[in-house]
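Asks: In order, the protein sequence lines correspond to chains A and B.
Using our numbering, you'd call the opening residue of the first sequence number 11 and step up by one each time.
Using our numbering, you'd call the opening residue of the second sequence number 11 and step up by one each time.
If you're looking for bench data, these hints aren't it; they were derived computationally from the structure.
Treat each hint with caution, since some may be false.
As the list makes no split between identical chains, a pair holds if one copy fits it or if it spans any two.
What the hints assert, rightly or not - Listed next, the in silico DSSO-like pairs over lysine-lysine satisfying Cα-Cα at most 27 Å (straight line):
1) K177 with K85
2) K248 with K177
3) K248 with K85
4) K177 with K218
Listed here are the chains, written in short residue letters.
Protein chains: 2
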Amino acid sequence: MQSKIYIVGMGPGREEMMTAEARRALDDADVIVGYTTYIRLIEDLYPEKERISTPMRQEISRCRLCFEQAALGKKTALVCSGDAGVYGLASLMYELGADYPDTELVVVPGVTAAVSGAALLGAPINHDFCAISLSDLLTPWEVIEKRLRAAAAGDFAIALYNPGSHKREDYLRRACDILLEYMEADRPCGCAENIGREHTRSFVCTLKELRDVSVNMFTTVFIGNSTSEIRNGKLITKRGYQL
Amino acid sequence: MQSKIYIVGMGPGREEMMTAEARRALDDADVIVGYTTYIRLIEDLYPEKERISTPMRQEISRCRLCFEQAALGKKTALVCSGDAGVYGLASLMYELGADYPDTELVVVPGVTAAVSGAALLGAPINHDFCAISLSDLLTPWEVIEKRLRAAAAGDFAIALYNPGSHKREDYLRRACDILLEYMEADRPCGCAENIGREHTRSFVCTLKELRDVSVNMFTTVFIGNSTSEIRNGKLITKRGYQL
């Protein structure tokens, strides 16, 4: 019999920011699999349901575990924060899926941090934009640097994922220094932190100030394009309407 | 008294793809304002509620209408398809908001087409990506071309919004020809159409084939990066896990 795994984007974390479709996939699941932090975010919603959490950097075994659970005949949901197809586990599931030809994969889209963070800050990515992760765990820094330069050359608004962690304290500063080769020091920027969770916070600053901002795994950073403005504390990237 | 306008991303269109938060903002509204097509998508949900639709290219008057409704003391919601902060009306509302200092704006994030289309196709933007609109109504074609070239130079996965319309029939072909200067002809690509609506369809193809695909306002186009693969009919952009 064919089994099916739902790969669910839960959005930033708060129940209200999940889609009805994502909620239903979790409602219907016999078992929910995910990274420890994300499983914790949903355990109040599903206290009676089987939940399996695996720690960070265990992505391959977490994905294999989903296929194993599905092979047992359980309706299986893999939860990712934000959207599973934006720095989430969707592609790894498809890669591993070659070993489990009887299992169908369904991605249930969610609100990714570029979008939820943008809503907090105003409208920072309201024109062409790039998403770039500063994490070099899986991507060589040279590739990250090349993309930062290309994003600047193309005058894209930019959303930076994974801007820093304990081990990568100076990565945001390094990224800002690259962008400062192309952009003015007072380019409007902003940060959104703990989106949809406790201690949500957002603030705007200049690119020069962003160099010295302390960020973590729960921060999403925004850099405006050449038309962006800070108005009333909000970061606005214009569409081009003639007012 | 301060009034408040909710700028609501309704996702692709289907009720189940809205967040609970978006749904509640519409539930609570006295009046819902939007582009004709989007108002039609929600009229079954809110048959009794006051709805005001304005046609395409009336964005400025549509936004002003929201401020006027709010000034009358009505709880006002402006609906956008996908997310209001990604090629939606969020930034225009903030720009016009300068004229209405007593009105607070709240953006309620939604699932944008890059994300919902990606879910249909597999995982095409599962690493650093760019969103680029091919519409030159508000953006000179030279800027669009510059961004296509920068996206290719940076080896980003790409999501193209507004890839074509009656008046812009050959725009996707022009974009492909630019990208073909940088990418191999068999670069994996894909299209998602009528996401979350009737006649949903998605398919993969090569960049060379994409040149001749007929697209419209309801198509989102995806171009893989140099690591992307087509597997089992799905377009997969890898994160870099060593399997």
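Asks: A separate judgement is required for each hint: does it hold in the structure or not?
Replies: To see whether the hints hold, each was checked on the structure:
{"no.": "1", "hint": "K177 with K85", "verdict": "neither (37 Å within a copy, 47 Å between copies)"}
{"no.": "2", "hint": "K248 with K177", "verdict": "between (36 Å within a copy, 24 Å between copies)"}
{"no.": "3", "hint": "K248 with K85", "verdict": "between (44 Å within a copy, 26 Å between copies)"}
{"no.": "4", "hint": "K177 with K218", "verdict": "within (22 Å within a copy, 43 Å between copies)"}
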